[in-house]
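Student: Chain residues, written in single-letter form:
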Amino acid sequence: MSDTPDNASASASASAPARVAITRSLTFRQAATTLIVALVLGLLASAVELYADWQSMRAEIRTQTDSALNLVSGSAAEAAFQFNDELATQVADGLFARREVRLVELRDNFGRLLVRRAAEAPPASDGLAMRLFGDITDYLIDLEHRGAPPGNELVGSIEVKLAADAIAASFMERARMLVVIGLIKAVAIAALVVLIFYFMITRPLLALHGAISRIDPAHPGNWPRPQLRGHRDDELGHIVGSLDRLMGAFQRGLEQRDRARDENTRLGAELDVSRRIQQILLPSREELDAIEGLDIATYMEPASEVGGDYYDILRHSGGVRIGIGDVTGHGLESGVVMLMTQSAVRTTLTSREEDIVRVMEVLNSTIYNNVQRMGCGKNLTLALLDYHALHDDPGGARGRLRISGQHESVIIVRASGSIEIIDTDNLGFPIGLVEEVGEFVNQIVLDLHADDLVVLYTDGITEAADENHKLYSLERLTARVAEHRHESAEAVKDAIILDVKAHIATQTLYDDLTLVILKQR
Amino acid sequence: MNALAGDGYQAEFDSAAGCVRLCGSLRLGGLTEYAPISQLLEDALDGRSALTVDLSTLEFLNSSGIATLSKFVISARNRKDCALTIRGSSTIPWQGKSLNNLKRLMPSLELVFD
Numbered sequence: 001m002s003d004t005p006d007n008a009s010a011s012a013s014a015s016a017p018a019r020v021a022i023t024r025s026l027t028f029r030q031a032a033t034t035l036i037v038a039l040v041l042g043l044l045a046s047a048v049e050l051y052a053d054w055q056s057m058r059a060e061i062r063t064q065t066d067s068a069l070n071l072v073s074g075s076a077a078e079a080a081f082q083f084n085d086e087l088a089t090q091v092a093d094g095l096f097a098r099r100e101v102r103l104v105e106l107r108d109n110f111g112r113l114l115v116r117r118a119a120e121a122p123p124a125s126d127g128l129a130m131r132l133f134g135d136i137t138d139y140l141i142d143l144e145h146r147g148a149p150p151g152n153e154l155v156g157s158i159e160v161k162l163a164a165d166a167i168a169a170s171f172m173e174r175a176r177m178l179v180v181i182g183l184i185k186a187v188a189i190a191a192l193v194v195l196i197f198y199f200m201i202t203r204p205l206l207a208l209h210g211a212i213s214r215i216d217p218a219h220p221g222n223w224p225r226p227q228l229r230g231h232r233d234d235e236l237g238h239i240v241g242s243l244d245r246l247m248g249a250f251q252r253g254l255e256q257r258d259r260a261r262d263e264n265t266r267l268g269a270e271l272d273v274s275r276r277i278q279q280i281l282l283p284s285r286e287e288l289d290a291i292e293g294l295d296i297a298t299y300m301e302p303a304s305e306v307g308g309d310y311y312d313i314l315r316h317s318g319g320v321r322i323g324i325g326d327v328t329g330h331g332l333e334s335g336v337v338m339l340m341t342q343s344a345v346r347t348t349l350t351s352r353e354e355d356i357v358r359v360m361e362v363l364n365s366t367i368y369n370n371v372q373r374m375g376c377g378k379n380l381t382l383a384l385l386d387y388h389a390l391h392d393d394p395g396g397a398r399g400r401l402r403i404s405g406q407h408e409s410v411i412i413v414r415a416s417g418s419i420e421i422i423d424t425d426n427l428g429f430p431i432g433l434v435e436e437v438g439e440f441v442n443q444i445v446l447d448l449h450a451d452d453l454v455v456l457y458t459d460g461i462t463e464a465a466d467e468n469h470k471l472y473s474l475e476r477l478t479a480r481v482a483e484h485r486h487e488s489a490e491a492v493k494d495a496i497i498l499d500v501k502a503h504i505a506t507q508t509l510y511d512d513l514t515l516v517i518l519k520q521r
Numbered sequence: 001m002n003a004l005a006g007d008g009y010q011a012e013f014d015s016a017a018g019c020v021r022l023c024g025s026l027r028l029g030g031l032t033e034y035a036p037i038s039q040l041l042e043d044a045l046d047g048r049s050a051l052t053v054d055l056s057t058l059e060f061l062n063s064s065g066i067a068t069l070s071k072f073v074i075s076a077r078n079r080k081d082c083a084l085t086i087r088g089s090s091t092i093p094w095q096g097k098s099l100n101n102l103k104r105l106m107p108s109l110e111l112v113f114d
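Respectively, the protein sequence lines represent chains P and X. In terms of the numbering used here, the numbers along the first sequence are unbroken and rise by one, the last being 521. In terms of the numbering used here, the numbers along the second sequence are unbroken and rise by one, the last being 114.
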């Protein structure tokens, strides 16, 4: 068995598993996707947390400032009422001690400034800080002195301004921390997911991928089935099992194909040999032309599956011996039996055995014993016709024909057009079928006059079927011969073969076609 | 009841009815493959004064089968103690000539065509 170029290149490409670019690999793409998703989700979570933080920070600043102002409002009112600068300064300093306070002003109820504390160089207001906290920086409360009823008396006001930048700075620090933690979390989650995926799915998939790319198309059954530990009962294990069964089925299919191909090659070779065997020992045109008294035409065409048709025309000192037969079955064994028959017939002629019963007995014994050796049970119909020319026959006959042996009926078409069908069933017995046939052999003798025709054939002619399985038939054969009886043997043969071929048309030839036409000169 | 079956054929010997029946298409490859059928036929002959071989549903018999059947008929003829009847069908092409040849092997053989 030799690899075709296709197979060779296929196995070469199979031995080197297909490489996947790193950026296209499953692990890389899965890691990248997981990382991006984790980052986006992490950042979203951070943003939500930050928003909540912002809200609570604003509330806290307001609450703290309000409570600080409330806390000092009593002392501040006292200071404003008494114009106590020292107390006012203490109150203002207390408030100003908070880092985010930018300005503290305490006024009396005439608008006169009692004390003012301001950050030396208030930093340029940053837009973001203003947007985040700009609306909660200014606080102004009125100061009331609790005196005797009927009511409290307004004595002044205290104003506090906070620095948005200072508030924002601590907020931004928190924000930075949240984002960094979010990123670290995202990366950690992504790495964890990739690792879990890699060991659970990606790694066995890669093993499977490697095994599949190493499959040799010429021997899929020998694929390196991967052992996926811990995956025997899950989907991956099932994939491997299914692939294994598939590869096994492929392998069996390939082996079946190879066997069929080998068998075909063998049969093809056998058929060629059989065809050669059938043609190799046929009489030549020169031999036929040299025969006295007979105009002879012959035709033999092997079927697509060669059968075992036999015919021979042997000239000898006493005349001519014509043999025609059909070995059962097709193929080499039938051809071999046919070859043995040809040889045995010639041997009986060479040994000058005149007695036709003895001739048939010897032939039968030879073929029977060989067929027993072959163990194939082949046998053949065989008719032998002995012809000799007549000179000075009182009845005007020009030749005499003795027919013996069992074969298809012999057709005699007289020059006058009258037809004789000679049934040969009782003239012999199948050759090679049983040990003794002598008792079944008989012979018929008939005289031939000028232009009488003798037609010998095998059942390939009479049983040639058309597309409706209609057989060519003995009747049609006889009628055609009668129509063409005035023509030469060659012309009669041609006309019949043409007619048989027209009957078969496009159908396959299932049996050998053999036809022998003898015409008395 | 002794029976054999294979690809496309059955062979059975009904001892009570004294009948061997072959059905289907027999295409065994060679004489040795017919040995079991040959044995079944020979066994059917043993100690029997009359036997029918029914081939009326045997659509096809290859040459090894015909050789086997011929041997069987010769064996029956040589025993001289069993009246043999072969039942065939006139609609099955291979039987006409072949069964007549069997009759010539054993003239006392009774040939019945359905």
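Among the clues, some could well be false.
Computed far set for chain X versus chain P, every beta-carbon distance over 10 angstroms [claimed, not checked]:
1) Glu12
2) Ala50
3) Asn101
4) Phe113
Across the chosen pairs, the derived CB separations fall in these ranges [what the hints assert, rightly or not]:
5) X:Asp7 to P:Leu246: 29 to 37 angstroms
6) P:Asp451 to X:Gly18: 26 to 34 angstroms
7) P:Ala303 to X:Gly18: 40 to 48 angstroms
8) P:Met374 to X:Leu111: 23 to 31 angstroms
9) X:Asp81 to P:Gly438: 23 to 31 angstroms
10) X:Glu12 to P:Ala415: 53 to 61 angstroms
11) P:Gln507 to X:Asp7: 25 to 33 angstroms
12) P:Ser418 to X:Ala50: 42 to 50 angstroms
13) P:Asn468 to X:Glu12: 49 to 57 angstroms
14) P:Gly253 to X:Ala50: 49 to 57 angstroms
15) P:Ile421 to X:Leu111: 20 to 28 angstroms
In case anyone wonders, no lab produced these hints; they're calculated from the structure. We put the beta carbon where it would ideally sit given N, CA and C, even for glycine.
Student: Taking the hints in turn, state whether each one holds.
Tutor: Tested hints:
With a least beta-carbon separation of about 22 angstroms from chain P, Glu12 (chain X) lies farther than 10 angstroms from that chain, consistent with its non-interface assignment. Every Cβ of chain P is farther than 10 angstroms from the Cβ of Ala50 (chain X); the closest lies at roughly 23 angstroms, confirming the non-interface assignment. For Asn101 (chain X), the requirement that its beta carbon stay farther than 10 angstroms from each beta carbon of chain P is not met, with the minimum near 6 angstroms. Interface exclusion of Phe113 (chain X) from chain P stands, the closest Cβ pair being 16 angstroms apart, more than 10 angstroms.
A C-beta distance of roughly 30 angstroms is found between Asp7 (chain X) and Leu246 (chain P), which places it inside the suggested range of 29 to 37 angstroms. The beta-carbon spacing between Asp451 (chain P) and Gly18 (chain X), approximately 58 angstroms, falls outside the hinted interval of 26 to 34 angstroms. Separated by about 42 angstroms at the C-beta atoms, Ala303 (chain P) and Gly18 (chain X) satisfy the suggested range of 40 to 48 angstroms. Between Met374 (chain P) and Leu111 (chain X) the CB atoms are about 30 angstroms apart, so this pair conforms to the stated range of 23 to 31 angstroms.
Distance hint check for Asp81 (chain X) and Gly438 (chain P): the Cβ-Cβ separation is about 25 angstroms, which falls inside the suggested range of 23 to 31 angstroms. For Glu12 (chain X) and Ala415 (chain P), the hinted distance range of 53 to 61 angstroms is satisfied, since their beta carbons lie about 57 angstroms from each other. One distance hint, 25 to 33 angstroms for the beta-carbon pair Gln507 (chain P) and Asp7 (chain X), holds here, with the actual separation near 27 angstroms. Taking the beta carbon of each, Ser418 (chain P) and Ala50 (chain X) are about 48 angstroms apart, inside 42 to 50 angstroms as hinted.
At roughly 36 angstroms, the beta-carbon separation of Asn468 (chain P) and Glu12 (chain X) lies outside the given 49 to 57 angstroms, and the hint is violated. Against the hinted window of 49 to 57 angstroms, the Cβ-Cβ separation of Gly253 (chain P) and Ala50 (chain X) comes to about 54 angstroms, which satisfies the hint. Taking the beta carbon of each, Ile421 (chain P) and Leu111 (chain X) are about 23 angstroms apart, inside 20 to 28 angstroms as hinted.
Going through the hint list in order, the structure does not satisfy hints 3, 6 and 13.
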